[in-house]
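Once you've looked at the hints, dock chain P with the ligands against the given chain A.
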Amino acid sequence: MTTKTESKLEKLLARGEFVISGEIGPPKHAGPEGIVKHAENLKKYIDAANITDNQTAIVRMSSIAAAFHVLRSGLEPVIQITCRDRNRIGIQSDLLGAYSLGMRNVLCLSGDHQSFGNHPTAKNVYDIDSIQEIKLVKDMRDSRKFLCGEEIKQNEPRYFIGGVANPFADPLEFRVARLEKKINAGADFIQTQAIFDMGRFEKWMEMVRKRGLHERTNIIAGLIPLKSHKAARYMQKFVSGMLVPDEIVYRLEKAKEPQKEGVELCVEQIKHLKQIEGIKGVHIMAVAWEEIIPTIVEKAGLFPRPSL
Amino acid sequence: MIVAENKPFHDILGLIEDAKKILIVGCGGCVAVCLSGGEKEVGVLASALRMSRKKEGNPLETVEVTLPRQCDPEYMDMLKGYVKEDIDCILSLGCGVGVQFIAERFSKWVIPAQNTKFAGGTIAHGIWEERCGLCGECILYKTGGICPIIRCSKSLLNGPCGGSQNGKCEVDKNLDCGWQLIYDRMKKFGKLDLLLKIEPPKDWSKSRDGGPRKVVREDVKIS
Ligand code: SF4
Ligand code: SF4
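Protein chains in written order, with our numbering: chain A, -3 to 304; chain P, 28 to 250.
Simulated from the structure, these hints should not be mistaken for laboratory data. Ideal placement from N, C-alpha and C gives every residue a C-beta, glycine not left out. Treat the hints with care, since some could be wrong.
Beyond 12 angstroms from chain A on every Cβ pair, some chain P residues (computed) [stated by the list, open to error]: (1) Tyr109; (2) Gly123; (3) Thr143.
The list that follows gives simulated cross-link-like pairs (lysine-lysine, BS3-like), each with its CA atoms no further than 27 angstroms apart [claimed, not checked]: (4) A:Lys0 - P:Lys224; (5) A:Lys270 - A:Lys40; (6) P:Lys67 - A:Lys119.
Chain P extracted, bound-state conformation:
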């Protein structure tokens, strides 16, 4: 899933300081799963903002709604009834995609309440980790299911570098060296010989380096 984290509360306050009435939009997708932008978080943020503004003597009115997903035009339709004249701005708790879908659809000022972090998963309650760099051409079949692009700090394809010691990365003693993990796994599966092949330079044009990407599926298109 896309993992996101709320911006610092004071930053959000600053971003809406000119508004009297705001629409706060949550998302029931990834950000609800990672406990940062679902219905519950919308409610908590809304009341915190109202309280803080009340203390300042500058009360804030909030309207709250959580869509099943913000990255889908179909659900965006559900928002129509809420985007009224008197709404000064929309605060989205979706990931960066949700914020942009709202901006594309409505002519209202939209503000992100979240910092969209990475594609990852839950490690334990309250801990999420990055797993995929969205490179556009997955090579996990070569590395035992461990991603060198995102789990090696240098994205090496022929690692590990000389900074790998005791299983940890040179960048941080608390960070596993992605290449040690790959090595251990390949060894376990008796596939170390695969690591001896020189992995050629990657085609980064399939990644963000090739410009904004698009997927078109003729088989599911409704024309």
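In isolation and in its complexed conformation, chain A is listed as follows:
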């Protein structure tokens, strides 16, 4: 099977492996030790890790710089580039720079609005949106062109391009159409918003399959392992774009050992998702609970990970 890039993630997907990615949030300081530790602990258990880009608009070490430490530690990073903080010049420049450092995967997203973060009075950029960004990365790779149309004469960056999709946002019918738009723009893989409402997710997947979209991109299901019913309740109430059914909140509330229950739930979800046609892997977002990933992967029967 031929691949378009040197990405390990792409190669594994092309081979038909059920992939697992994780997420590492860079620190609010300039020290790399924590990221390196996470990368070393996780590298045997996941195939790649997203390195978030000033997630929830809180200033942190840059995604690309943190990803460099991850890469050096032997784990494949997926850099994130949001449209909130950079215009089309900054985005293309970062794409060139990150590629020169060995990055091979990029996730394009619009980014949380700055009003959620620790600099709510900042100006936002949004010069281009996430769909335009995906197309930009694809055109740099496949047409060897900058956004302005100028040719990239040599060493064009060849990224495996990711986008996000939220099956739980509205309007539901248009969510699938917009996913198709992202695929048409060039998304090679799609990570979904964290799934708690499996019923709605399956309904969405059915619509995805009806349009044949699962054959045109790699859909990777997003999961967040829950530590407590409070965490579940918080996401249910305060995080836009999430749907957390009450039964999940109750299940954790009733549990004697909520953390264990959270792991159990996540493992069940993985096993279930593995059976759904068109799901190519899972993306586990255990931010601030990264150390739980090995347990989840082992319990889900997905250890050891394949090598290239």
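Okay, now just chain P with the ligands, sitting in the frame of chain A:
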């Protein structure tokens, strides 16, 4: 219209604290329509300022005049007779344009009494909402007459983002998601296929990003 809102009263008091006699200039244009800078508001503000200064034992003298518009040199001429030697400063209730037109014309210290907010319209008595981001190249024909630049918090051209739920924007549960509105309208008109096209990046040079803008119309110029 341009919608403006008075600065907090105490801020205005502070801005004129050194003055003994001020000229308060209202505007009969947009700010009169949005009830913030017309003749009536000039009168109300002037008497409030005088009263407050009197209480402080530092009386203030005011001269009041409202021009049909402050954004027109022709009407600015009408102000000449009022800008006398003994006027310490001019307080304008025009939008930011009016304040600047006064400053360009007269060598007097000019102070804005308003915060100029946006281009919008009246929703109900006492409620105004933003509608246009003055982007310089209108694309409302692509989005069913609803502006994604100003009604989407991220100005997305290929929305809605993943934060849109129950018709509301992720930024505020009381704010309509501009893209939900666009979707509903396009659906109603059977034009959803237009939303499937990837809208290319916008030419922001036509907007404020290209530097201060100017419109020149040869056909109406009097040379
Ligand atoms: S598209 Fe531009 S000109 Fe048209 S309403 Fe929106 S901001 Fe105003
Ligand atoms: S929720 Fe709607 S209005 Fe708000 S940023 Fe997203 S697309 Fe724009």
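How the hints compare with the structure:
Even its closest Cβ contact with chain A, about 38 angstroms, leaves Tyr109 (chain P) beyond 12 angstroms, as expected for a residue assigned away from the interface. Chain A leaves Gly123 (chain P) outside its interface by the beta-carbon criterion, the shortest separation being 18 angstroms against a cut-off of 12 angstroms. Look at Thr143 (chain P): its CB is around 18 angstroms from the nearest CB on chain A, clear of 12 angstroms, so calling it non-interface holds up. The straight-line distance between the Cα atoms of Lys0 (chain A) and Lys224 (chain P) is roughly 25 angstroms, inside the 27 angstroms bound, and the hint therefore holds.
For the suggested pair Lys270 (chain A) and Lys40 (chain A), the alpha carbons sit about 20 angstroms apart, so the restraint of at most 27 angstroms is met. Between Lys67 (chain P) and Lys119 (chain A) the alpha-carbon distance is near 36 angstroms, which puts this suggested pair outside the 27 angstroms criterion.
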